[in-house]
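> Protein chains in written order, with this note's numbering: chain B, 12 to 397; chain Y, 5 to 259; chain V, 268 to 398.
Be a bit skeptical, because a hint or two may be false.
[Unchecked claim] No more than 30 angstroms apart at the CA atoms, straight line, and that leaves these computed lysine-lysine pairs for DSBU-like:
| id | chain 1 | residue 1 | chain 2 | residue 2 |
| --- | --- | --- | --- | --- |
| 1 | Y | K74 | B | K48 |
| 2 | Y | K82 | B | K48 |
| 3 | Y | K115 | B | K284 |
| 4 | B | K48 | Y | K85 |
| 5 | V | K361 | V | K344 |
| 6 | V | K344 | V | K366 |
| 7 | V | K366 | Y | K74 |
| 8 | V | K366 | B | K48 |
Quick caveat, the hints were computed from the structure, so don't treat them as lab data.
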Amino acid sequence: MFMLEKAVVGSRRYWIWVGCLLAVILAGFLCYLLQLKEGLGITGMSRDVSWGLYIAQFTFFVGVAASAVMVVLPYYLHNYKAFGKITILGEFLAVSAVTMCMLFIFVDMGQPMRVLNVMLHPTPHSMMFWDMVSLSGYLFLNALISYVMLESEREGVAPPHWIKPIILLSIPWAVSIHTVTAFLYNGLPGRAFWLTAILAPRFLASAFAAGPALLILLAMVIRKLTKFDAGSEAIQKLALIVTYAMLINVFFVLMEVFTSLYSNIPEDAAHLKFLFVGLDGNTELVPWMWTSVTFAILSLVLLIVPRYRKNEKLLAFTCVIVFLSLWIDKGIGLIIGGFIPSPLETVTSYVPTLPEMTIVASIWAIGMLMITVFYKIALSVRHQLA
Amino acid sequence: MSIDRRKFLGVAAGASALVLAGKASVDALASGSGPKQGGTLANTRWAMVIDPAKCLKDKGCTACIAACDKVHNIPDFKNPKHAVKWIWKEPFKDAFPGQEDEYTTEQYKDKPFILMCNHCNNPPCVRVCPTQATFRREDGIVMMDWHRCIGCRYCMAACPYGSRSFNWLDPRPHIAHLDTDFPTRTKGVVEKCTFCEERLARGEGPACVEACEAKAMVFGNLDDPDSEVRHLLKARFSIRRNPELGTQPEIYYLV
Amino acid sequence: MRDKGLIFTGLVLFLVLITFPVWYDLAAGTTSKGPDPKLPTAEKDCVAPLEYMRTSHMDLLLSWRDQVVRQDRLTYKAFDGKTYDMRLTGTCLKCHTNKEEFCDRCHTYVGVAPYCWECHIDPALAQRSRG
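Isolated chain B (complex conformation) (with noise of 0.2 angstroms):
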């Protein structure tokens, strides 16, 4: 059945790694089974910081998601056949990535059992409906691509003809699933922070950076493991979208600095005072921004020299930093910092809790899982295991 049989057998050091995923994962189904029964009052949100960690997290794994069209786009489009090979990794991660994001959204509802409700009274005029109808679309249509080409490449036949436009579809597609999201933040009138209509195109470009480091990574990871290569054409032009991505993002924040800055207008700037200085006295994020700030500037000048770049142990390690600059930007300080100060100007502090972060832990587990399986199946059907 759909390949799985794949990926109940495997070596000792595969079970391993499943298990200690397992139990990541059975830990925070406990922190979120305590959830359910006390409420969302066990994490660090609050009146003023109605969304957390969850939400951002969410954030950041929708822009992971939509940058699996940066291998399917060059393949499909430009028949850049580097990327032949690695296409179905990125397809399976944005899979992973998706599901990981209804996870995150599906924890913070605070009255999980009436969730169908988004559906059953359908409202045009909320963004949040619109999310709903593009990840659960961008899910099925990826789940839907990787399987068929998968399938047919283990029965050795060419892919049936009608998936060409479905795979077609999926590039807008993935772009629309970061814009609605972008959206959701965009429209809100007394968010300063969010209130740019720079937010969308910010999101892609960070998408599209933090994605393909991810990609190669993984790439990288698979290449040690067993006997799949993506090749190093691959893994370079990958990180050349990486550079390219991660320059537009550096230059699209500058871009929101500058305007908030220089305009002078006190609740547009009281954001990045919050998250870069401090403001009231509160300084929690300022040294996560600061760390987030080094890694852009060091992986960009490790990125955009091209000696560096070529060098793939430089590269997996400016990979990790571009990841990790992208994850607290944002990861936490995107959706954290549009609450403080609130609209009242009140800083309140917020510190995620042990069983929120968890959960979080949990869901990433659930996301790694579902990578290590789909990976698995992908490269048993190539007879490429180590």
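Take the given structure of chain B and dock chains Y and V to it, following the hints.
Just chains Y and V now, with coordinates in the frame of chain B:
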């Protein structure tokens, strides 16, 4: 609510051919055209005029807040992060951010202003709610349907006035005296001031207004040219919170 | 038939497990007992005929709920021409004064847990906790 729906119908019809949107439009048409019993909602627009000068006279008074808390079973969480507030006080500079300066606010500075849901004519919370659990009634009240709320807290992010509270924990153990005439809320839903719609239905005024001995709050129908609120707004200059956001609050503060 | 023993043990085990509720009920003697909700003695008329209330009171309540909260309609014209306020505690519980002996008995019997009472307050319960 119907105005909002009609507005979005235009947008939805133009922008989208998706089946779900189509279904929603049919729903909206079906419920929007239903006859209203009594037929009074359509020519009513509830509003409140607050005279801070009168309220300020009695600085320590919290009668309005206490009255609201009592009739609506508002829990008292000791942790301010979990606070549930329908009506509360803030200093001028927080209620009207960016409007304070070093001279004119001497008489207002640090003095508490009464805040509550503004029952905006153009409410961002209603716009973002994915289930229509919060909606605008024809008489202008921005209502909450606690049965339908999924607890996504999108409305809290959207409200520029901090008027919405979430039940982070089960509120029941934190309510001193249960009023059996009014429900409590369950954990995981958002709540806020409803202009005492349950009292309006019985022909009474909002609890806070009736509790105010200084008569600093006046509640009435803006569609009635002879109402006290209309007279007050005609006679005196008033301000509203964050007018630049276009939300059109229905709470007016006399200056 | 190499694994005969294993297969038949499994089958027997399966049969025992799937029929377990029957044995359990027989042993506990609960099968013949109905939920036996206590009906009010003073009041004879309800907002709808008994048969309808028995099968569909939840639909009626959901419709009341939506009308009151979302459509600002407050009164209900019953089948016999009487009008009632559409209120769970104010109207229903006025006659059915004992929630535990009325609502809960059936709900426990059929194993459902309606969430009405997470918010709506049983007046009797509130009185007891106060006293």
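> Look at each hint and say if it fits the structure.
Going through the hints against the structure:
Between K74 (chain Y) and K48 (chain B), the direct Cα distance comes to roughly 27 angstroms. Compliance with the 30 angstroms bound is thereby established for this hinted pair. Using a Cα cut-off of 30 angstroms, the hinted pair K82 (chain Y) and K48 (chain B) holds, with the two alpha carbons roughly 20 angstroms apart. A hinted pair counts as satisfied when its Cα atoms are at most 30 angstroms apart, and K115 (chain Y) with K284 (chain B) qualifies at roughly 27 angstroms. Restraint check for K48 (chain B) and K85 (chain Y): the C-alpha separation of about 19 angstroms stays at or below 30 angstroms, so the hint holds.
For the hint linking K361 (chain V) to K344 (chain V), the alpha-carbon distance of about 17 angstroms falls within 30 angstroms, and the restraint holds. Taking the CA atoms of K344 (chain V) and K366 (chain V), the gap is about 24 angstroms. The hint holds against a cut of 30 angstroms. Restraint check: the Cα-Cα separation between K366 (chain V) and K74 (chain Y) comes to about 24 angstroms, which is no more than 30 angstroms; the hinted pair holds. With a CA separation close to 24 angstroms, the supplied pair K366 (chain V) and K48 (chain B) stays within the 30 angstroms bound.
In summary, this structure violates none of the numbered hints.
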